[in-house]
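With the sequences and hints as input, model every part of the structure.
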Amino acid sequence: MLALLETRYALRVLWALKDGHPQTFRLLQDSVGGITPNTLNTRLKALREANLIGHGDKGYNLTAGGADLLKRLSDLQAFAAKWTASQARKK
Numbered sequence: 103m104l105a106l107l108e109t110r111y112a113l114r115v116l117w118a119l120k121d122g123h124p125q126t127f128r129l130l131q132d133s134v135g136g137i138t139p140n141t142l143n144t145r146l147k148a149l150r151e152a153n154l155i156g157h158g159d160k161g162y163n164l165t166a167g168g169a170d171l172l173k174r175l176s177d178l179q180a181f182a183a184k185w186t187a188s189q190a191r192k193k
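Numbers in the working numbering are just positions in the sequence shown, counted from 1, shifted up by 102.
By construction, these hints were calculated from the structure, which means they are not laboratory data.
Pairs of lysine-lysine, DSS-like flavour, derived with a Cα cap of 27 Å:
#1 K160 x K173
#2 K147 x K120
#3 K173 x K120
#4 K147 x K160
#5 K120 x K184
#6 K147 x K173
#7 K173 x K184
#8 K160 x K120
Right under this line is the structure:
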């Protein structure tokens, strides 16, 4: 899982889907920004195989597992912000 998330654009693809609204390939490409169609296709395939995203009639969307992962990453981000602030106060 971590190897997948470390690949370029993987987290950005997931983040682009966080609002819960399905996105077409073209809209997702625009949302991620700077990603080639080939790279986006590769990331989408890997994320689908990991069951983090799905694809339906209206486009790509997060699965329950993908939404859970983003929630946990948001919690980690909040922890990191608190930790950074506490380290800055020590200086």
